[in-house]
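Input sequences plus hints: build the corresponding full structure.
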Amino acid sequence: MQTPSTQNAQSRESYQVGLLTYLVVGWSCALVSGTCLVWAFSAREYIAMIFFAFFAGMGVYIILGTGEITIDSDGVRHHSLFGRYGIRWDEIRRIEFGAGDGTFVLHGDRKRFVISPISMWSGSQKANAIALLDEKLRNSGITLEPSRIAAYKWNKNVNLKN
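Each residue of the sequence shown is one higher than the one before, counting from 1336 in the numbering used here.
Hints in this document: simulated from the structure, not taken from any laboratory.
Any given hint could turn out to be false.
Distance windows between CB atoms, simulated [what the hints assert, rightly or not]:
no.	residue 1	residue 2	range
1	S1377	L1479	43 to 53 Å
2	R1423	W1489	12 to 22 Å
3	I1382	S1408	45 to 55 Å
4	D1469	T1356	16 to 26 Å
5	S1457	E1348	14 to 24 Å
6	E1480	E1403	19 to 29 Å
7	I1382	R1428	42 to 52 Å
Idealized CB from N, CA, C, for every residue including glycine.
This is the structure in structure tokens:
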């Protein structure tokens, strides 16, 4: 039997994880491609400039979109410079699991929330966040559906206002 203090402790359970691997990839892409862009500009290689500008832009996009993931007793959220996104546990109706990389796609009624693969998570709370995610997904009773395209999906209708 849980006491009120035990219930309050569980309801406040919240863990944050970063995505350090994405930041390393983003910065590497932006810096290497940015350097090559400058070299192409100085050599007046305009077609190469377009190529390197594209990849430098992709690196900046990855950096700005990385942010952090918060998993708590209410749901899961992702906060980055592009915005705040989230879904509550009680909204989830279907779960896709990326067979190739481990991406989770949580589907609600006309909603879709994408969680980056656990292998990409970083931070001191990673183990606790994984345990809470596992517990919540198991308790939902929803069977994971294997998917080859989970990693290519985007968030849909999960933008948080505050």
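- prompt: Between S1377 and L1479, does the beta-carbon spacing fit 43 to 53 Å?
  reply: Since the Cβ atoms of S1377 and L1479 sit about 51 Å apart, the hinted range of 43 to 53 Å holds.
Is 19 to 29 Å a correct range for the gap between the Cβ atoms of E1480 and E1403? Check passed, 27 Å falls within 19 to 29 Å.
Distance restraint evaluation - S1457, E1348, Cβ atoms, bounds 14 to 24 Å: holds (20 Å)
Exercise for review: Confirm or reject the claim that D1469 and T1356 have a C-beta distance inside 16 to 26 Å.
Suggested key: holds (21 Å)
### Range hint compliance [Cβ, I1382 to R1428, 42 to 52 Å]
Distance hint for I1382, R1428 holds at roughly 48 Å.
Could one say that the CB atoms of R1423 and W1489 fall in the range 12 to 22 Å?
holds (19 Å)
ask   = Given a hinted range of 45 to 55 Å, is it respected by the beta-carbon distance of I1382 and S1408?
value = holds (53 Å)
Violated hints for the displayed structure: none, as all numbered hints are satisfied.
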